[in-house]
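Number of protein chains: 4
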Amino acid sequence: MKELLVSGFEPFGGERVNPSALVAAELSGLEVAPGYRVRSVTVPVTWAGALPALLKALGAGPSGFPAAVVMLGQAGGYAAIGLERVAVNISSGTDNDGVPRADEPVVEGGPASYLSGLPLRAIVARLGELGLPAFVSNSAGTYLCNFLFYGALHHLAGLRESWRGASGSEGRGAGSSSAPAPLAGFIHIPYLPEQAVGKNPIPPSMSRGDIVRAVRVALEVTAASLGNQSP
Amino acid sequence: MKELLVSGFEPFGGERVNPSALVAAELSGLEVAPGYRVRSVTVPVTWAGALPALLKALGAGPSGFPAAVVMLGQAGGYAAIGLERVAVNISSGTDNDGVPRADEPVVEGGPASYLSGLPLRAIVARLGELGLPAFVSNSAGTYLCNFLFYGALHHLAGLRESWRGASGSEGRGAGSSSAPAPLAGFIHIPYLPEQAVGKNPIPPSMSRGDIVRAVRVALEVTAASLGNQSP
Amino acid sequence: MKELLVSGFEPFGGERVNPSALVAAELSGLEVAPGYRVRSVTVPVTWAGALPALLKALGAGPSGFPAAVVMLGQAGGYAAIGLERVAVNISSGTDNDGVPRADEPVVEGGPASYLSGLPLRAIVARLGELGLPAFVSNSAGTYLCNFLFYGALHHLAGLRESWRGASGSEGRGAGSSSAPAPLAGFIHIPYLPEQAVGKNPIPPSMSRGDIVRAVRVALEVTAASLGNQSP
Amino acid sequence: MKELLVSGFEPFGGERVNPSALVAAELSGLEVAPGYRVRSVTVPVTWAGALPALLKALGAGPSGFPAAVVMLGQAGGYAAIGLERVAVNISSGTDNDGVPRADEPVVEGGPASYLSGLPLRAIVARLGELGLPAFVSNSAGTYLCNFLFYGALHHLAGLRESWRGASGSEGRGAGSSSAPAPLAGFIHIPYLPEQAVGKNPIPPSMSRGDIVRAVRVALEVTAASLGNQSP
Numbered sequence: 047m048k049e050l051l052v053s054g055f056e057p058f059g060g061e062r063v064n065p066s067a068l069v070a071a072e073l074s075g076l077e078v079a080p081g082y083r084v085r086s087v088t089v090p091v092t093w094a095g096a097l098p099a100l101l102k103a104l105g106a107g108p109s110g111f112p113a114a115v116v117m118l119g120q121a122g123g124y125a126a127i128g129l130e131r132v133a134v135n136i137s138s139g140t141d142n143d144g145v146p147r148a149d150e151p152v153v154e155g156g157p158a159s160y161l162s163g164l165p166l167r168a169i170v171a172r173l174g175e176l177g178l179p180a181f182v183s184n185s186a187g188t189y190l191c192n193f194l195f196y197g198a199l200h201h202l203a204g205l206r207e208s209w210r211g212a213s214g215s216e217g218r219g220a221g222s223s224s225a226p227a228p229l230a231g232f233i234h235i236p237y238l239p240e241q242a243v244g245k246n247p248i249p250p251s252m253s254r255g256d257i258v259r260a261v262r263v264a265l266e267v268t269a270a271s272l273g274n275q276s277p
Numbered sequence: 047m048k049e050l051l052v053s054g055f056e057p058f059g060g061e062r063v064n065p066s067a068l069v070a071a072e073l074s075g076l077e078v079a080p081g082y083r084v085r086s087v088t089v090p091v092t093w094a095g096a097l098p099a100l101l102k103a104l105g106a107g108p109s110g111f112p113a114a115v116v117m118l119g120q121a122g123g124y125a126a127i128g129l130e131r132v133a134v135n136i137s138s139g140t141d142n143d144g145v146p147r148a149d150e151p152v153v154e155g156g157p158a159s160y161l162s163g164l165p166l167r168a169i170v171a172r173l174g175e176l177g178l179p180a181f182v183s184n185s186a187g188t189y190l191c192n193f194l195f196y197g198a199l200h201h202l203a204g205l206r207e208s209w210r211g212a213s214g215s216e217g218r219g220a221g222s223s224s225a226p227a228p229l230a231g232f233i234h235i236p237y238l239p240e241q242a243v244g245k246n247p248i249p250p251s252m253s254r255g256d257i258v259r260a261v262r263v264a265l266e267v268t269a270a271s272l273g274n275q276s277p
Numbered sequence: 047m048k049e050l051l052v053s054g055f056e057p058f059g060g061e062r063v064n065p066s067a068l069v070a071a072e073l074s075g076l077e078v079a080p081g082y083r084v085r086s087v088t089v090p091v092t093w094a095g096a097l098p099a100l101l102k103a104l105g106a107g108p109s110g111f112p113a114a115v116v117m118l119g120q121a122g123g124y125a126a127i128g129l130e131r132v133a134v135n136i137s138s139g140t141d142n143d144g145v146p147r148a149d150e151p152v153v154e155g156g157p158a159s160y161l162s163g164l165p166l167r168a169i170v171a172r173l174g175e176l177g178l179p180a181f182v183s184n185s186a187g188t189y190l191c192n193f194l195f196y197g198a199l200h201h202l203a204g205l206r207e208s209w210r211g212a213s214g215s216e217g218r219g220a221g222s223s224s225a226p227a228p229l230a231g232f233i234h235i236p237y238l239p240e241q242a243v244g245k246n247p248i249p250p251s252m253s254r255g256d257i258v259r260a261v262r263v264a265l266e267v268t269a270a271s272l273g274n275q276s277p
Numbered sequence: 047m048k049e050l051l052v053s054g055f056e057p058f059g060g061e062r063v064n065p066s067a068l069v070a071a072e073l074s075g076l077e078v079a080p081g082y083r084v085r086s087v088t089v090p091v092t093w094a095g096a097l098p099a100l101l102k103a104l105g106a107g108p109s110g111f112p113a114a115v116v117m118l119g120q121a122g123g124y125a126a127i128g129l130e131r132v133a134v135n136i137s138s139g140t141d142n143d144g145v146p147r148a149d150e151p152v153v154e155g156g157p158a159s160y161l162s163g164l165p166l167r168a169i170v171a172r173l174g175e176l177g178l179p180a181f182v183s184n185s186a187g188t189y190l191c192n193f194l195f196y197g198a199l200h201h202l203a204g205l206r207e208s209w210r211g212a213s214g215s216e217g218r219g220a221g222s223s224s225a226p227a228p229l230a231g232f233i234h235i236p237y238l239p240e241q242a243v244g245k246n247p248i249p250p251s252m253s254r255g256d257i258v259r260a261v262r263v264a265l266e267v268t269a270a271s272l273g274n275q276s277p
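Protein chains in written order, with our numbering: chain P, 47 to 277; chain V, 47 to 277; chain D, 47 to 277; chain G, 47 to 277.
The shape of chain P in the complex, shown without the other chains (with noise of 0.2 Å):
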């Protein structure tokens, strides 16, 4: 059984919930394609604490690494499903324990930005054949989400070049796993229906069922393009 490691924020910016953690919660244990089943994760919404939770979560599988790291944030006043394509190398605004960042990089000489790793157009072709509505985004922000999008993605373009200068072969980890380093992408969710009561204006949201319905395609669509990888 291979593992998609599904991360979530803790509530910020005076909501009670963060969608996107109970989200990842809901789906924990879910054998969401044939072997996969996902493990999941609560990281702060905190620039200290952030990267390190979701990098704690990656090496804590029973089998070593995940096969796909997908990590979910709330997007207020999104009316569709998120594929966010691009991590910038750029953090902004101020955290949970009130620690402001005003244009800083992620990464002190990362590069300008990654890209996603998870098949958005397909996801988006099969979240519309179901009736959900989704699309891929250019910009997920400058806040926490962008920033653990972006530290996810450059961490594991890390592990991904040292793993090739151990065994010489691409993306395959010399004594520590067999498998490929694990793909990483971002989706951000509107806030939900319960969230929106009291806004002035009433931003757009979606039901939980439906969210839950679309983060499970995606993770579907994502294990379909991970392959026939054998046990």
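Don't read these hints as lab results, they were simulated from the structure. This structure is a prediction, so every number in the text was calculated from the model and none was measured.
Restricting the straight-line Cα-Cα distance to at most 30 Å, the calculated cross-link-like pairs of lysine-lysine (DSS-like) are:
hint, chain 1, residue 1, chain 2, residue 2
1, G, K245, V, K245
2, P, K245, D, K245
3, V, K245, D, K245
For this one, chain P is given, so just place chains V, D and G on it according to the hints.
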């Protein structure tokens, strides 16, 4: 058993479905509040046909007039349930028969507008408690939704007037019925998620389950506001 | 020389300026159409003070009533000049004196609404020819703008009624004036660009020059619609 | 006298004008900051022609390379001046020649993105002081604007690389020029008011005068950031 007449519209504007008709049909026959059963009707998106279809249904019940008439319509772009407050004596746009109107009165010589008879604030408040976003809207536009809304309220005002003339007591039918003239109002509902697919930009939507639940709650609150009327 | 009374509002909602007052003042004294001069007034954003200030100005002209009353108001979020069609008998919100209203009638027992007396479509068409975006709006909200709009139309309807009673001829003052009761309407204008600065998200705005030009055109078209009245 | 190269695009998407070309042309020849004169170029909205036209202009100055390249583009729907931060290696959409692209790289094998060389925050701050709304945008989309932006930054990065190789000193041309490689960035501008006319819903716009003023200020701030370079 009293009746609540719920109307929906046929699809228009290139859509294959109209959530208002789907929801009206889904609620048909349900006892949404103690002693109140829904009867539903779908009306055409035509200047000539919409109001006659509603008025025919209005008088078609087994026990005379319904206790209330709740008209539903699709409001593409709405992110929440819209409790419409004002029906204005203006009509514009081209209907499903290709018949155009340009700022013509709904009823020649009619008053500038009528106000909804529904307990708007109570419905919004109750929906909010249940996590369903809703708002009071001050304009139902000038297309068929507003046209039906105005037409129905004008008809019912005339009925009330004639009953008053006949019986000398407000809102009581002389021979035809012992109940007061029905309350009437209009509720705009968002696109279904499947309708949002493929549009650019992607508009807000609401799941069918949530729309049905919201309309049902609106009917409950409306029924409750009708008071404890003896059978 | 006939008069066109143009009103603007004081700032509200934390703004330091209200473009409606700036524009009204800038047009003051100008002969915007042959034989028509603008007189302007700024009214407070208070339930108690707004209408009295307008009505005082209404009767304050050197030659009796103005030929038309064009009320201006700021509509934060509008991307174009909004020719308001409907004044509704509802008032809500907290005014600059801190006095709240919650869905109360503007005039107890008044009709549900009045319609603007301005030539809305002709104004929108003329503005479009000049490259200035404008639209007919079906709701002026329920705050002070709508309140003043409704209050003024209600007052003028009463005046028309009393003149009709006095003279037997529609819309003619018996002794007070030889002109018909003034037309009245409401025009919503966008934020100035400087008001958009610092807001998040940044709302649409319109340059002061374009707003002044647009209102001036609206006054010209209105004056033209008043016909060739002999002095 | 140093040069600031300002590019605009031809009209596209059914528009009769493109404000970016109008503004670039209007600024042509002006000394927008002491010692800095604007040279402007209009480029076609085609995958094949846009970058060559810009690169030709880049080398066409009387005194070698310009000090900076500021590309302008129309962003229908923007309510403010958008200082673009990220040029991404993705291109999509059908150009004015009818040639489609679907998520193809701008430069095969190029880095995921480049960041703007303009002093983005300083420009936004200065524009705000002058009452002109502006913001830093994290996505220039994936159409021709982003394509030109990425293509130019990629070209300039290569130039910088080759100069570094030739001279051993960063950003200095060996024989060709004594100046560093030009800074480059992209600024998105809203529709003109005349372009908003007739669209439904009416999009935000900005007056031509304000757009010209804003771009001029952006050029001034950019020139100031280039420092006191000896001639």
